[in-house]
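Each chain, written out:
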Amino acid sequence: MRPLSDERQLLLAAMLVASSDDAIIGKDYQSVITSWNPAAQRLYGYAAEEVLGRNIAFLLPPDRLNELEAVLGRVAAGADAQHYETKRLHKDGSLIDVAMTVSPIRDLSGRIVGTSTIQRNITQRKKTETVAAEMAAIVDSSNDAIIGMTLEGLITTWNRGAEHIYGYTARAMLGKNILLLVPPGRPVEIDIIAGMLASSARTESFETQRQRQDGRLIDVSLTVSPIRDSDGVIVGASSVARDITEHNAMRAELAAAELRSVLAVSRAKDEMVSLVSHELRTPLASLLGFTELLYSREFTEEQRRQYLGVMLREGRRLTDLINDVLHIQRLEAGHQDLNLAPADLEALIQRAVNAAGVDVLRPIQVRTSGQLPLAMIDTDSILQVLANFLANARKYSPDGGDILVTTNLVGGMITIDVQDAGLGLPADELPKLFATFYRVESGDRRLIKGTGLGLAINRRIVEAQGGEVSAHSDGPGKGSRFQFTVPVVEPGPKVADVLIVEDDSGFGRLLQEQFVARGLTAVRAADAETAQRLLKEGMKPRAVISDLLLPGVQGEEFVARLGSETGPAVPVVVLTVKQLAPHELSALEKVGVTAVLPKEAGATQAAASLIVAALAKE
Amino acid sequence: MARRAPAPPAVTFVLIADDESSMRLLVHTTIESDSYQVIEAADGDEAWALIKRYKPSLVLLDVQMPGRTGMEILASIKRDPSLRAVRVILMTARALESDRTAGMAAGADFYLAKPFSPLELLARVQEALGL
Numbered sequence: 012m013r014p015l016s017d018e019r020q021l022l023l024a025a026m027l028v029a030s031s032d033d034a035i036i037g038k039d040y041q042s043v044i045t046s047w048n049p050a051a052q053r054l055y056g057y058a059a060e061e062v063l064g065r066n067i068a069f070l071l072p073p074d075r076l077n078e079l080e081a082v083l084g085r086v087a088a089g090a091d092a093q094h095y096e097t098k099r100l101h102k103d104g105s106l107i108d109v110a111m112t113v114s115p116i117r118d119l120s121g122r123i124v125g126t127s128t129i130q131r132n133i134t135q136r137k138k139t140e141t142v143a144a145e146m147a148a149i150v151d152s153s154n155d156a157i158i159g160m161t162l163e164g165l166i167t168t169w170n171r172g173a174e175h176i177y178g179y180t181a182r183a184m185l186g187k188n189i190l191l192l193v194p195p196g197r198p199v200e201i202d203i204i205a206g207m208l209a210s211s212a213r214t215e216s217f218e219t220q221r222q223r224q225d226g227r228l229i230d231v232s233l234t235v236s237p238i239r240d241s242d243g244v245i246v247g248a249s250s251v252a253r254d255i256t257e258h259n260a261m262r263a264e265l266a267a268a269e270l271r272s273v274l275a276v277s278r279a280k281d282e283m284v285s286l287v288s289h290e291l292r293t294p295l296a297s298l299l300g301f302t303e304l305l306y307s308r309e310f311t312e313e314q315r316r317q318y319l320g321v322m323l324r325e326g327r328r329l330t331d332l333i334n335d336v337l338h339i340q341r342l343e344a345g346h347q348d349l350n351l352a353p354a355d356l357e358a359l360i361q362r363a364v365n366a367a368g369v370d371v372l373r374p375i376q377v378r379t380s381g382q383l384p385l386a387m388i389d390t391d392s393i394l395q396v397l398a399n400f401l402a403n404a405r406k407y408s409p410d411g412g413d414i415l416v417t418t419n420l421v422g423g424m425i426t427i428d429v430q431d432a433g434l435g436l437p438a439d440e441l442p443k444l445f446a447t448f449y450r451v452e453s454g455d456r457r458l459i460k461g462t463g464l465g466l467a468i469n470r471r472i473v474e475a476q477g478g479e480v481s482a483h484s485d486g487p488g489k490g491s492r493f494q495f496t497v498p499v500v501e502p503g504p505k506v507a508d509v510l511i512v513e514d515d516s517g518f519g520r521l522l523q524e525q526f527v528a529r530g531l532t533a534v535r536a537a538d539a540e541t542a543q544r545l546l547k548e549g550m551k552p553r554a555v556i557s558d559l560l561l562p563g564v565q566g567e568e569f570v571a572r573l574g575s576e577t578g579p580a581v582p583v584v585v586l587t588v589k590q591l592a593p594h595e596l597s598a599l600e601k602v603g604v605t606a607v608l609p610k611e612a613g614a615t616q617a618a619a620s621l622i623v624a625a626l627a628k629e
Numbered sequence: 002m003a004r005r006a007p008a009p010p011a012v013t014f015v016l017i018a019d020d021e022s023s024m025r026l027l028v029h030t031t032i033e034s035d036s037y038q039v040i041e042a043a044d045g046d047e048a049w050a051l052i053k054r055y056k057p058s059l060v061l062l063d064v065q066m067p068g069r070t071g072m073e074i075l076a077s078i079k080r081d082p083s084l085r086a087v088r089v090i091l092m093t094a095r096a097l098e099s100d101r102t103a104g105m106a107a108g109a110d111f112y113l114a115k116p117f118s119p120l121e122l123l124a125r126v127q128e129a130l131g132l
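Read top to bottom, the protein sequences are chains G and D. Read in order, the letters of the first sequence correspond to residues 12 to 629 in the working numbering. Read in order, the letters of the second sequence correspond to residues 2 to 132 in the working numbering.
Keep in mind that a hint or two might mislead.
[As the list claims (entries may be wrong)] Pulled a few chain D residues facing chain G out of the computed Cβ check, cut under 10 Å:
1. Glu21
2. Ser23
3. Leu26
4. Val28
5. Gln38
6. Met92
7. Arg95
8. Leu97
9. Gly108
10. Phe111
11. Ala124
12. Gln127
13. Ala129
14. Leu130
15. Leu132
[Unchecked claim] Reference excerpt, derived from the structure (chain D facing chain G, CB under 7 Å, subset only):
16. Ala11
17. Val12
18. Ala107
19. Lys115
20. Ser118
The set of hints was computed from the structure by calculation and includes no laboratory data. For each residue, glycine too, the CB sits at the ideal point set by N, CA and C.
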């Protein structure tokens, strides 16, 4: 072959450069661009005439400006071509990944006069690499065991999750058969894939078991998918397993806990039945025993009276017991018929104290902390709680002593304390006191009768209304203090169309329902004191319904004072069982009562209709 | 509570141990007799003290009492050779057959479930005392 002339060689070189797929850029020793081929234009977006004569630096991202000097330095120092990957700026401002080869350009004397760079766009390759790296990182960092295998079951990939879940390292498992993990009788991934070929399913998920390196069986949730090559032919299977051993154990534990609680309830019921029958048998034994003796033998009149007295006492004890048992049964079944209404607690306490009667050895003093907010309670049952604590305080003060009732406002709750100077309680008894049928059996208490249910009933009533009970004592002989709490009415005036003053909660509720049915709101106060408080706190009812026979302040007095409290006169309807004499009726009319209705069947409708009519006239 | 009898040893004693005063009155009234002296205890510890002191011929023992329970007292009686002659009738509000079996197995002479007939109680007392 004849060697080409120099001219032809140059021409050929120029053609090669022009037709190259790689960007080829020539620069002089000051990095000024001297040549720019079409591929360079494609790579960077600049035409040759835009860049020739400019310093190459404009192609460099700001953070890579020193790269140029470093490479040039190495080339100048006589190094051969420099290969590296870096980033450059496209004309449109975007960053592109490029692979570079920088070589020195020498003149005929061998002096370096510039550099040539051959550049290739590798942005796409970089992207693919990044995605693959991310995928690998995801697979590797997954807590699930992700395994790839051939159709023969030979393991080809084994991530860190697999190492953790199965206990084998990747090195130990690559190339091994998946059967190593499958306990006898459990489905094998490759068989599943074979089955899926027929059904054209993409994945299959199910729960099964696998065996760890240490031999332990684990519950796994398994997802098996086929691996296809680029032609869509299935060449293997992937197996993703999640260890659900703990999850299953937890589920079993939950089921067991549920069963335990059902059993506990049933056991508590059994215990209750056994306790009740035991508690019933003792008074019954006295009652029947004395009956039989009186029936079969002669006794003196004095003896007869003594025995009949015992029988009466034991009969009453039986009745109390049955009532308490029924009561607690209702409370436990959640059948508390609560009728929550605002209530003036001080008036309620005073009523309980009055009902407890006079006992000169055990006088009850009430000390309240100024003006308490209204409590939101079921007055009937809280009255019972108070009565019960007061009765206990007296019962367990056999040698007498003052009983002190105090109230306090603590964080949105009113606390009520009933303190006695009686027998007191050892510290270890305090937590057990509120349990059903629990009775303290120390010598000085043995003679005091009780069903062992009173405090249990109190606890249930108070707790059902959002309060708490507690017992306190400095020890035997130092008295006891029983405390319970009740929630206060939310602050701000209570607003309603109708104020109902009625101590009978059942009747009060009927009235409320009548107004609700007529589109009016109604609030019930269980006594006049509470009603007066509601009015004072800014309730502006458009009508008032009042009973006359009320626990504290009487209805007559309440309605007489109404004018000054409601401001402009509003319709007032009195509902009462009282037979009123003409002068009593006219006295009521004089203080502004609109109508007096007898409390009888249909009274609630009549009262509601009357008030609706009166309001319509306004 | 206990009607302390004077202690000449020739007298036959019958002890009633029950924490319920109405039961003590009922049993006492039922078995009152010139043939023996009835004494009472209102709890288990008092009962055990009276048993050791008076060595009663018969103890009418409530099972559930404060202090020592009736079953504990029964076991103590059976362990003490000096109390070999003491007969025991258990009185209990626990009426299950298993309670009866346990009481008899522990060495009680008879087991009465409350409520019981006073006349039956009297018959059992006389039987136990050989009257």
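Checked hints:
| no. | hint | verdict |
| --- | --- | --- |
| 1 | Glu21 | holds, 6 Å |
| 2 | Ser23 | holds, 4 Å |
| 3 | Leu26 | holds, 6 Å |
| 4 | Val28 | holds, 8 Å |
| 5 | Gln38 | violated, 20 Å |
| 6 | Met92 | holds, 8 Å |
| 7 | Arg95 | holds, 6 Å |
| 8 | Leu97 | holds, 8 Å |
| 9 | Gly108 | violated, 23 Å |
| 10 | Phe111 | violated, 16 Å |
| 11 | Ala124 | violated, 13 Å |
| 12 | Gln127 | violated, 15 Å |
| 13 | Ala129 | violated, 19 Å |
| 14 | Leu130 | violated, 20 Å |
| 15 | Leu132 | violated, 18 Å |
| 16 | Ala11 | violated, 29 Å |
| 17 | Val12 | violated, 24 Å |
| 18 | Ala107 | violated, 19 Å |
| 19 | Lys115 | holds, 4 Å |
| 20 | Ser118 | holds, 6 Å |
Consistency with the previously given hints fails for numbers 5, 9, 10, 11, 12, 13, 14, 15, 16, 17 and 18, ordered from lowest to highest.
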